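K.L.:
The lines below spell out each chain.
There are 2 protein chains.
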Amino acid sequence: VPKFPASLRDLATPALVVESSALENNLRRMSEALPGERLRPHVKAHKCTALARMQSEQGHRGFTCATVREMEGLAAAGLGEDLLLANEVLDPRKVERLAALAAAGARITLAVDSRETVAAAARGGLREVVIDVNVGLPRCGCAPADAGALATYARDAGLEVRGVMGYEGHAVGVAEREQREALCATAMRLLAEAHDQVGGSLVSAGGTGTFDCNSVATEIQAGSYLLMDTAYQSLELPFEQALFVMGSLLSTSLAGERRFWVGDAGLKALGMDHGNPRVDGGEVWFCSDEHITLSAAGDDSDFALGARIRITPAHCDPTVAYHDALWVVDGEKVVDRFEVDLRGW
Amino acid sequence: VPKFPASLRDLATPALVVESSALENNLRRMSEALPGERLRPHVKAHKCTALARMQSEQGHRGFTCATVREMEGLAAAGLGEDLLLANEVLDPRKVERLAALAAAGARITLAVDSRETVAAAARGGLREVVIDVNVGLPRCGCAPADAGALATYARDAGLEVRGVMGYEGHAVGVAEREQREALCATAMRLLAEAHDQVGGSLVSAGGTGTFDCNSVATEIQAGSYLLMDTAYQSLELPFEQALFVMGSLLSTSLAGERRFWVGDAGLKALGMDHGNPRVDGGEVWFCSDEHITLSAAGDDSDFALGARIRITPAHCDPTVAYHDALWVVDGEKVVDRFEVDLRGW
Chain A
2 VPKFPASLRD
12 LATPALVVES
22 SALENNLRRM
32 SEALPGERLR
42 PHVKAHKCTA
52 LARMQSEQGH
62 RGFTCATVRE
72 MEGLAAAGLG
82 EDLLLANEVL
92 DPRKVERLAA
102 LAAAGARITL
112 AVDSRETVAA
122 AARGGLREVV
132 IDVNVGLPRC
142 GCAPADAGAL
152 ATYARDAGLE
162 VRGVMGYEGH
172 AVGVAEREQR
182 EALCATAMRL
192 LAEAHDQVGG
202 SLVSAGGTGT
212 FDCNSVATEI
222 QAGSYLLMDT
232 AYQSLELPFE
242 QALFVMGSLL
252 STSLAGERRF
262 WVGDAGLKAL
272 GMDHGNPRVD
282 GGEVWFCSDE
292 HITLSAAGDD
302 SDFALGARIR
312 ITPAHCDPTV
322 AYHDALWVVD
332 GEKVVDRFEV
342 DLRGW
Chain B
2 VPKFPASLRD
12 LATPALVVES
22 SALENNLRRM
32 SEALPGERLR
42 PHVKAHKCTA
52 LARMQSEQGH
62 RGFTCATVRE
72 MEGLAAAGLG
82 EDLLLANEVL
92 DPRKVERLAA
102 LAAAGARITL
112 AVDSRETVAA
122 AARGGLREVV
132 IDVNVGLPRC
142 GCAPADAGAL
152 ATYARDAGLE
162 VRGVMGYEGH
172 AVGVAEREQR
182 EALCATAMRL
192 LAEAHDQVGG
202 SLVSAGGTGT
212 FDCNSVATEI
222 QAGSYLLMDT
232 AYQSLELPFE
242 QALFVMGSLL
252 STSLAGERRF
262 WVGDAGLKAL
272 GMDHGNPRVD
282 GGEVWFCSDE
292 HITLSAAGDD
302 SDFALGARIR
312 ITPAHCDPTV
322 AYHDALWVVD
332 GEKVVDRFEV
342 DLRGW
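As you go down the protein sequences, you meet chains A and B in turn. Under the numbering used here, the first residue of the first sequence is numbered 2, with each subsequent residue one higher. Under the numbering used here, the first residue of the second sequence is numbered 2, with each subsequent residue one higher.
Because the hints were derived from the structure by calculation, they are not lab data. Keep in mind that this is a model prediction, so the values were computed, not measured. Be aware that a few hints might be false.
Simulated coverage check for chain A against chain B, where a stretch passes if three residues somewhere in it have a Cβ under 8 Å from a Cβ of chain B [what the hints assert, rightly or not]: (1) 141 to 153; (2) 244 to 256; (3) 267 to 277.
Glycine included, each C-beta is placed from N, C-alpha and C at the ideal position.
When you get a sec, could you build the whole thing from the sequences and use the hints?
P.N.:
If you want it as C-alpha cells, here you go:
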C-alpha cells in the first residue's frame, strides 16, 4: 500500500504542499548566509519535526520554539540538543513539562522577563534561562534597563543565565529595506546594552526579514524563510515560495457580466490575519469557511471545473497550523508526506 | 484518573471553552423558534459530534455539512438520519466516500449546481441531490433561471431531486435589521422562483442572522447560533455568547506611559478573518502567532501576571477549527470535554 498518492493531481483538496526544490534552495541559501549555530531555526513557522530534522542536518542543531508542545515534540524526535523556548511560562505544570524534558537529557532554555517568570523557572527545577528584552515590539520582554537586575535575580535564584534575546518583530516585516535596517539597528542597540549588563554568550534575535542585516545577534531565530508567504515575498529576500495550498475549482457563475470561480480552500485552510492569499492567474475576491471566490486575472483558459488552483498563503505560520500534514512535491510528483506534528500547546 | 481538570483555573491555556448555560439557552431558544425539522443545524460552526448530538436530542435530526469529513463523522456517530452536504463535490473519490456512507445506511443528499456536479453524483452512485441556487452571494449555486433545467438533467441522470438550497450569505451578517430583512427577502424570491421550476419538498437556506426573517425556507441551516461570536453579537440576536478562548497573562511592560499586557492566545488559537477578538475588560492591540497584546479598558486591577483573560472570538467557525477539544464549563467548574472531531476534509 503506497504511503501517499503518486501525483499532485491525486491529492484530495484542500492540501498543503511544499515544493521540494524551493525547500532545498531555501535551506541551502540560509545555511550559506548563517551557517551552523548562527541560525537557531524557529519551528513555529512549520510545526513539523521532519522539516526541523532537515534544518538540523543542514547544521542548525539548536531550535527556537514558541510552545511547550513544540519543545516536547523536538525532544521526542531526538532534536533536543539545544532548545530555546522564546516565550514566557508561568503555569507550573508547563514548567514541569519542560523540566521533564531536561531530566530526560534535552537542553532546555527558557525566556524570562520578570521576577515572576524567573521564580516559576527556578521553582520548577529548570536550570537555564535567557533574559527576554523588549526591543520595541509591544510584546514580551523586560525594559532594557531592567535586564541586568533581572539577570542578577535569576542567578541568585540558582539559574544559569545564558544571555539575552530580543525580537525585533516591528522591523522584520517592513517592506522598505533601509527603514527595516534602521529599525533593526535601533532595536539591536537596546539589546546590546542589555547584553552588556546581563553577560552570557547568547544574543538571540532576528527573523527572516532581518536575517542579513542583524549584525548584533549571535544567532538568528528565523523560521519563515523555509516556507515563505506573500508577506515575506514583498521584502525581496533570496528565498523562494515553497508553501502552497492546493484547491480545486467547484463552481462558476456570473456576477453581472463578470465570471467568477469558487475553489474548495477557505478560512479553515488559510491563516487570514495578513489578508487574502494569492492565487496563480487569479484575483481573489474573498474567502469563506470552505471556499475561495476568485476571478481570472487575465484570460481564464486555465480555469475549468475540477481544475486545480495553487494558493499562496499570506502568512505561513497560522496556515500550516490548520493542517495535519504537508505533502512534499517535486513538480507533479508527490515525494513525501510530513506530519504537522507540533500543533497544539 | 479524572477525564479533565475540575476547575477552569486548572485548564492549561490557551483553551477553548463553552459555557454550558449559554449553550443550553441557545439550544432551547433556537428550537423554540425553529422546532424539529425547521432547523437543519450546520455543523461547520462547531465541528463537534457531541454538540451535534445535543442538537439532535433537541429534535433537529437532519444536519447541514460543509465537508465530506463532517458527513463521515456524523454518520459514524449514528447521526446520519438526513445529512445534507451543502457544497459541491467533483472529486470522484469524495463522491465514493459519500456513496459508502449511503451504502452503510446514512441518508446522503448532495448539493449540485452544474451538469458536471450532477454527473459526478450520478456516476458515483449517489441517489439524492438538491439544486444549489445562487441567490446573490458570489459563491456556489447555479443561476436561478437555470435551476429547472438542471433539475431535469439530474432526474434524467437517475437522481432524486429533493428541492433547492440557496444561502443568503450576503444578508446574514448585515447589522441593520431592516436591510438584512430586505436582502434576505430579495434572495428568497429568487430561491422561490427556482423552487417553482425544480419542485421537491426541500427549500433549504438561511443562517443565524436570518433565522427569524427567512420565511421562504422550509428549513434553516443555522450553525453559529449555538456558540456565537462578536460578529453575530452585533446583530442583537436572542443568542448568548457561549464560546471563549481562555488565555493567561504572561508579561507586562510600558509603551511610553501606557501599560500593556501580553496573553498566551494568538493567531493559532483564533480565526482572524473578521479581525481582532474582544477581551473582557481589555482593549486588544494586536495578535501574533502565540500572543495577544492588550491594555486594560479601564482600571487594570483585574490584570496581573498569571491572571486569566477571557477572549471572545470574532468568528467562531475558523476559531474552533484550530482546537482539538472544547471544554464545557459551568461557571468555574469544568463539566465536560468534547472532541472537535470533525476537522479536516
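K.L.:
All hints are to be evaluated individually against the structure, with a verdict given for each.
P.N.:
To see whether the hints hold, each was checked on the structure:
{"no.": "1", "hint": "141 to 153", "in the structure": "holds (count 4)"}
{"no.": "2", "hint": "244 to 256", "in the structure": "holds (count 7)"}
{"no.": "3", "hint": "267 to 277", "in the structure": "holds (count 5)"}
Taken one by one, the earlier hints all hold for this structure without exception.
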